[in-house]
Amino acid sequence: MDGRRRNPYELTQDTPVYVISVAAQLSGLHPQTLRQYDRLGLVSPDRTAGRGRRYSARDIELLRQVQQLSQDEGINLAGIKRIIELENQVAALQARVAELEDALDGAASAMRQREAAVHASYRRDLVPYQEVQQTSALVVWRPKRQQQSD
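In this note's numbering, the protein residues as written are 141 to 290.
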């Protein structure tokens, strides 16, 4: 979730509110077909305390998708189940990639802040070293003679 508190009476796409007869009517399918899809694991609605099925708007959309794949595309129910599983897996992986990208952005930002702090701590009284050019001049050093005191 996104961390916000939700109104318990707020309806979302995942709120199970439709009984099987309404879900059948909304999806254009027979209630027995919905029961069959539930037994096969294609569309799994929530259950009430009395074990009655409750469908959400997302379930209704999935029922329509199953019907379209079966009727228009000629895909059998086992194939449709696999398609749905793969679509769910792709959605989960996309969500995980988004999480990892957010974590990476946060880590990169923290690294830039630490790097800026290190640069800010550099001593400013140091003078950069510059290499001295060598010359061919010869310097002779002679120690001073000590005078003898008698």
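What the hints contain is simulated information worked out from the structure, not anything from laboratory work.
Some hints here could point you the wrong way.
Claimed, not checked - DMTMM-like mimics (lysine to aspartate or glutamate), calculated; alpha carbons at most 25 Å apart, straight line:
#1 Lys221 to Asp154
#2 Lys221 to Glu201
#3 Lys221 to Asp245
As the list claims (entries may be wrong) - Quick list of the computed label-pair ranges, beta carbon to beta carbon:
#4 Leu240 to Leu217: 50 to 58 Å
#5 Arg252 to Gly192: 52 to 60 Å
#6 Leu233 to Asp154: 50 to 58 Å
#7 Asp154 to Leu240: 21 to 29 Å
#8 Ala260 to Arg222: 50 to 58 Å
#9 Glu225 to Val258: 23 to 31 Å
#10 Leu180 to Asp212: 36 to 44 Å
#11 Tyr149 to Gly181: 26 to 34 Å
Just so we're clear, the structure is a prediction, and the values are computed from it rather than from any experiment.
Note that CB positions come from ideal geometry on N, CA and C, so glycine has one too.
Against the structure, the hints:
no. : hint                         : verdict
1   : Lys221 to Asp154             : holds (20 Å)
2   : Lys221 to Glu201             : holds (15 Å)
3   : Lys221 to Asp245             : violated (36 Å)
4   : Leu240 to Leu217: 50 to 58 Å : violated (35 Å)
5   : Arg252 to Gly192: 52 to 60 Å : holds (55 Å)
6   : Leu233 to Asp154: 50 to 58 Å : violated (20 Å)
7   : Asp154 to Leu240: 21 to 29 Å : holds (24 Å)
8   : Ala260 to Arg222: 50 to 58 Å : holds (57 Å)
9   : Glu225 to Val258: 23 to 31 Å : violated (49 Å)
10  : Leu180 to Asp212: 36 to 44 Å : violated (19 Å)
11  : Tyr149 to Gly181: 26 to 34 Å : holds (30 Å)
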